[in-house]
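Order-wise, the sequence lines are chains A and B. Every letter in the first sequence is one number past the one before it in full-length UniProt numbering, and letter 68, counting from 1, is 68. Every letter in the second sequence is one number past the one before it in full-length UniProt numbering, and letter 176, counting from 1, is 176.
Hints in this document: simulated from the structure, not taken from any laboratory. Keep in mind that the hints are not guaranteed to be accurate.
Calculated cross-link-like contacts (lysine-lysine; reagent style DSSO-like; alpha-carbon spacing at most 27 angstroms) [as the list claims (entries may be wrong)]: (1) A:K36 x B:K186; (2) B:K41 x A:K41; (3) A:K142 x B:K115; (4) A:K142 x B:K41; (5) A:K4 x B:K142; (6) A:K9 x A:K195; (7) B:K117 x A:K142; (8) B:K152 x A:K41; (9) A:K41 x B:K191; (10) B:K41 x A:K154; (11) B:K115 x A:K130.
One-sided excerpt, in silico: chain B residues whose CB lies under 8 angstroms from chain A [as the list claims (entries may be wrong)]: (12) F51; (13) E96; (14) A205; (15) E208.
Each residue gets a CB set at the ideal place from its N, CA and C atoms; glycine is no exception.
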Amino acid sequence: MAFKLHGAKMSTYTRIVAVIAKERNVPYEFIAVDFKAAEHKQPPHLQHHPYGQVPYISQDDGFELYESRAIARYLATIGSGTQLIPTEPKAYAKFEQAASVEYAQFDPIASGIAWEKIIKPHFGKVTDEKRVEELVALLEIKLDGHEAILGKQKYLAGDEITLADLFHLPNGNIVFERLEYGFLDKRPNLQRWWKDISSRPSWQAVKDGA
Amino acid sequence: MAFTLHGSSEFTCTRRVALIAKERNVPYRLITVDVKGGEHKQPAHLKHQPFGQVPYIIQEDGFELFESRAIGRYIATLGSGPELIPTEPKAHAKFEQAAGIEYAQFDPVANGIVKEKIYKPFFEVATDETKVQELTAQLESKLDGYETLLSKQKYLAGNEVTLADLFHLPYGSIVFEELGYGSLDKRLNVKRWWKDISSRPAWQAVKEGA
Numbered sequence: 001m002a003f004k005l006h007g008a009k010m011s012t013y014t015r016i017v018a019v020i021a022k023e024r025n026v027p028y029e030f031i032a033v034d035f036k037a038a039e040h041k042q043p044p045h046l047q048h049h050p051y052g053q054v055p056y057i058s059q060d061d062g063f064e065l066y067e068s069r070a071i072a073r074y075l076a077t078i079g080s081g082t083q084l085i086p087t088e089p090k091a092y093a094k095f096e097q098a099a100s101v102e103y104a105q106f107d108p109i110a111s112g113i114a115w116e117k118i119i120k121p122h123f124g125k126v127t128d129e130k131r132v133e134e135l136v137a138l139l140e141i142k143l144d145g146h147e148a149i150l151g152k153q154k155y156l157a158g159d160e161i162t163l164a165d166l167f168h169l170p171n172g173n174i175v176f177e178r179l180e181y182g183f184l185d186k187r188p189n190l191q192r193w194w195k196d197i198s199s200r201p202s203w204q205a206v207k208d209g210a
Numbered sequence: 001m002a003f004t005l006h007g008s009s010e011f012t013c014t015r016r017v018a019l020i021a022k023e024r025n026v027p028y029r030l031i032t033v034d035v036k037g038g039e040h041k042q043p044a045h046l047k048h049q050p051f052g053q054v055p056y057i058i059q060e061d062g063f064e065l066f067e068s069r070a071i072g073r074y075i076a077t078l079g080s081g082p083e084l085i086p087t088e089p090k091a092h093a094k095f096e097q098a099a100g101i102e103y104a105q106f107d108p109v110a111n112g113i114v115k116e117k118i119y120k121p122f123f124e125v126a127t128d129e130t131k132v133q134e135l136t137a138q139l140e141s142k143l144d145g146y147e148t149l150l151s152k153q154k155y156l157a158g159n160e161v162t163l164a165d166l167f168h169l170p171y172g173s174i175v176f177e178e179l180g181y182g183s184l185d186k187r188l189n190v191k192r193w194w195k196d197i198s199s200r201p202a203w204q205a206v207k208e209g210a
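Chain A on its own, in the form it takes in the complex (with noise of 0.2 angstroms):
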């Protein structure tokens, strides 16, 4: 069932819905919220998301969902496409295993890289440099264990691609590919891993703007 979906362009979580739309071949129109004018911190926009932030979806019988992963997943048993939820107990517990590591350990790191080096200065805010050396800092442990588990198995849940793996796209093309910090250099399961989730077109088509 096709779907509107609100959000910005280049934000990163709106890119995380339209990877997955992509991945299962759901519809969407997107629909821009005008950041610059505050818009999703006016009353309209908190009807739809409590927390003033994008995105959020609409479907046509007025179902609504925000929060990025659980529009993904809910995407991800509708349409058609690749299995990116394991069904097997187990092999599902491995997946919401992988899924923890993505928003526990790698993103309030990469996505504070990324609020410092790449939002603040497009609003025209300075950079806490000292802020983002903890940060990297942090980021190199937590890396160090994506590439132990990566050096056992083809992807996070075990070897079959999930939404785990893709989650990490957006905030993962800001830390590895657009900033210069040699994450990928000295952790070659790492590399592999982030070439071949990189590389799928439902990224590329969506990398430069949902």
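Place chain B on chain A using the hints.
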């Protein structure tokens, strides 16, 4: 099936797992990891938890899992007791939205506060009070979202309690009760919800230790 819970009795994420085990009547044995002595950073531990953290579990059949929310989600499918994850597709999507609220809106802020005020002193590192001030201001902002959401429904995913509510208990009890943040007296819906979930017998059973 019973499991060993490798962690530290009073630690937040260890108690998060214990809570769900109590809710679902799944027996477990706590095996203490000597965190203060750095056991969690040693190779023997890293084999089970590559990020050098607690907890992780080992089932009787050898199946292992780490990441407390992934473990909680797995335990919710075992044992017997309240249904903590809805199965109907749209209700499940709303559950994932609520789960997202916990790990993406609440946890980064609550976790940050608890790290500064509780864990840093535990490891004899100085608290950064400026950071605490920033985080408590962010917490106030997030709780406005909770207040709105909880004015329309009893729990975060709808009118039934789910894992998404319960996952707030370990960090929430420190932030709201022990440290007194969150201005719950001004947020009557949040207060009602908090009183409800924090009075559950399963939480009372593990609140002081897994």
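Here is how each hint holds up against the structure:
1. Between K36 of chain A and K186 of chain B, the direct Cα distance comes to roughly 31 angstroms. Violation of the 27 angstroms bound is thereby established for this hinted pair.
2. Of the supplied pair hints, the one linking K41 of chain B and K41 of chain A is violated, its CA atoms being roughly 43 angstroms apart against a limit of 27 angstroms.
3. Between K142 of chain A and K115 of chain B the alpha-carbon distance is near 17 angstroms, which keeps this suggested pair within the 27 angstroms criterion.
4. Annotation: proposed proximity of K142 of chain A to K41 of chain B holds, straight-line Cα distance about 13 angstroms (limit 27 angstroms).
5. As the CA atoms of K4 of chain A and K142 of chain B are separated by approximately 25 angstroms, the hinted pair is consistent with the 27 angstroms bound.
6. Under the criterion of a C-alpha separation no larger than 27 angstroms, the hint pairing K9 of chain A with K195 of chain A is consistent with the structure, at around 23 angstroms.
7. Distance check on the hinted pair: K117 of chain B and K142 of chain A sit about 23 angstroms apart at the alpha-carbon level, within 27 angstroms; holds.
8. Between K152 of chain B and K41 of chain A, the direct Cα distance comes to roughly 20 angstroms. Compliance with the 27 angstroms bound is thereby established for this hinted pair.
9. The hinted pair formed by K41 of chain A and K191 of chain B meets the criterion: a straight-line CA distance of about 24 angstroms does not exceed 27 angstroms.
10. Straight-line distance between C-alpha atoms of K41 of chain B and K154 of chain A comes to about 25 angstroms, which keeps the hinted pair within the 27 angstroms bound.
11. Our distance criterion of 27 angstroms between C-alpha atoms is met by K115 of chain B and K130 of chain A, whose separation comes to about 19 angstroms.
12. With a cut of 8 angstroms, the hint placing F51 of chain B at the interface with chain A holds, because the nearest CB-to-CB distance is about 4 angstroms.
13. At a threshold of 8 angstroms, the smallest CB-CB gap from E96 of chain B to chain A is about 4 angstroms, leaving the interface hint in force.
14. Using the Cβ-Cβ criterion of 8 angstroms, the hint placing A205 of chain B at the interface with chain A is not satisfied: the shortest such distance is roughly 24 angstroms.
15. Interface restraint check: E208 of chain B against chain A, minimum CB-CB distance 24 angstroms, threshold 8 angstroms, status violated.
Hint compliance for this structure: hints 1, 2, 14, 15 are broken, all remaining hints hold.
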